[in-house]
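> Sequence:
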Amino acid sequence: MKYLQVLEDSVGYEGYQKLLELLEEIASHYGVGVSHVATKYILNRPSVACAIVGVRNSRHVADNCKIFGFELSPEDEAAITAFLDGYPRLQGDCYTLERESPRYKSIIHMNVNEEEQGGNDALAGK
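The working numbering puts the sequence shown at residues 395 to 520.
If you are wondering where the hints come from, they were derived from the structure by calculation, not from laboratory data.
Computed from a prediction, not measured in an experiment: that's the story for all the values here.
Quick reminder that beta carbons are idealized off the backbone N, C-alpha and C, glycines included.
It cannot be assumed that every hint is accurate.
[As the list claims (entries may be wrong)] Pair by pair, the computed Cβ-Cβ distance ranges are:
| hint | residue 1 | residue 2 | range |
| --- | --- | --- | --- |
| 1 | R439 | G463 | 12 to 22 Å |
| 2 | E469 | S429 | 13 to 23 Å |
| 3 | D403 | G463 | 26 to 36 Å |
| 4 | Q485 | I446 | 14 to 24 Å |
| 5 | R453 | A476 | 16 to 26 Å |
| 6 | E494 | E419 | 35 to 45 Å |
| 7 | L414 | A472 | 14 to 24 Å |
| 8 | Q399 | S452 | 32 to 42 Å |
| 9 | S500 | R453 | 32 to 42 Å |
[Unchecked claim] Dumping the calculated SDA-like pairs for lysine to any residue here, alpha-carbon to alpha-carbon at most 25 Å:
| hint | residue 1 | residue 2 |
| --- | --- | --- |
| 10 | K460 | A443 |
| 11 | K460 | S422 |
| 12 | K412 | Y435 |
| 13 | K460 | G480 |
| 14 | K412 | G425 |
| 15 | K412 | A445 |
| 16 | K412 | N438 |
| 17 | K460 | C444 |
| 18 | K412 | L437 |
| 19 | K460 | Y489 |
| 20 | K412 | A472 |
| 21 | K412 | S422 |
| 22 | K412 | L466 |
| 23 | K412 | N451 |
| 24 | K460 | I436 |
| 25 | K460 | A473 |
| 26 | K412 | R453 |
| 27 | K460 | R450 |
| 28 | K460 | V449 |
| 29 | K460 | Q399 |
| 30 | K412 | E465 |
| 31 | K460 | G486 |
| 32 | K460 | L413 |
| 33 | K460 | Y424 |
| 34 | K412 | V455 |
| 35 | K460 | A472 |
| 36 | K412 | Y397 |
| 37 | K460 | Y481 |
| 38 | K412 | A456 |
Work out the full structure, taking the sequences as your base and the hints as a guide.
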């Protein structure tokens, strides 16, 4: 849900489809997947130190290592940046949005430990 809201508030569905087309075009040039190009692009941003990539089984580990087997050309990076610059960006970091924006805060489970403790207290008869 959170990711859908971010898409709606930035590129929208049509923009997302166009972004996927651009990434697919770049990916086919390098013989990798769209996710590899997207991850490589994000990792190349100056303020990004790492990316969390999901792995369901050992086959995914080898596939995800393709990220380190190619470099995006300056033209490819510029094309992705130019595309993204044509759309609005959410202001602030994701943690601030989750804490302070009513739109994003509504889907985040806040104070889960306190809620669990309250539930445990009720079970214990407190």
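> If a hint holds in the structure, say so; if it does not, say that too.
A quick look at each hint next to the structure:
1. R439 x G463: 12 to 22 Å: The hint (12 to 22 Å, Cβ to Cβ) holds, given that R439 and G463 are roughly 19 Å apart.
2. E469 x S429: 13 to 23 Å: About 21 Å separates the Cβ atoms of E469 and S429, which means 13 to 23 Å holds.
3. D403 x G463: 26 to 36 Å: At 34 Å between Cβs, range holds.
4. Q485 x I446: 14 to 24 Å: Since the Cβ atoms of Q485 and I446 sit about 23 Å apart, the hinted range of 14 to 24 Å holds.
5. R453 x A476: 16 to 26 Å: Violated, at about 34 Å.
6. E494 x E419: 35 to 45 Å: holds, 37 Å
7. L414 x A472: 14 to 24 Å: holds, 18 Å
8. Q399 x S452: 32 to 42 Å: holds, 33 Å
9. S500 x R453: 32 to 42 Å: holds, 37 Å
10. K460 x A443: holds, 18 Å
11. K460 x S422: Roughly 13 Å separates the two Cα atoms, so the pair holds.
12. K412 x Y435: Since the Cα atoms of K412 and Y435 sit roughly 16 Å apart, the hinted pair holds (cutoff 25 Å).
13. K460 x G480: violated, 29 Å
14. K412 x G425: Holds. K412 to G425 sits at ~20 Å (cutoff 25 Å).
15. K412 x A445: Cα-Cα ~23 Å, so holds.
16. K412 x N438: holds, 21 Å
17. K460 x C444: Answer holds: K460 to C444 is near 15 Å, not above 25 Å.
18. K412 x L437: Status holds; Cα separation ~21 Å.
19. K460 x Y489: Not OK: K460 and Y489 at ~30 Å, beyond 25 Å, violated.
20. K412 x A472: holds, 16 Å
21. K412 x S422: holds, 15 Å
22. K412 x L466: holds, 19 Å
23. K412 x N451: This hinted pair is violated, its Cα atoms lying about 30 Å apart.
24. K460 x I436: Roughly 15 Å separates the two Cα atoms, so the pair holds.
25. K460 x A473: Satisfied, since the Cα-Cα distance of roughly 21 Å is no more than 25 Å.
26. K412 x R453: The given pair, whose Cα atoms are some 29 Å apart, is violated under the 25 Å limit.
27. K460 x R450: holds, 16 Å
28. K460 x V449: holds, 13 Å
29. K460 x Q399: violated, 30 Å
30. K412 x E465: holds, 22 Å
31. K460 x G486: violated, 31 Å
32. K460 x L413: holds, 21 Å
33. K460 x Y424: holds, 10 Å
34. K412 x V455: violated, 28 Å
35. K460 x A472: Within the cut-off at roughly 21 Å; holds.
36. K412 x Y397: Status holds; Cα separation ~17 Å.
37. K460 x Y481: violated, 29 Å
38. K412 x A456: Roughly 28 Å separates the two Cα atoms, so the pair is violated.
In terms of the numbered hints stated before, the structure departs from hints 5, 13, 19, 23, 26, 29, 31, 34, 37 and 38, listed from lowest to highest.
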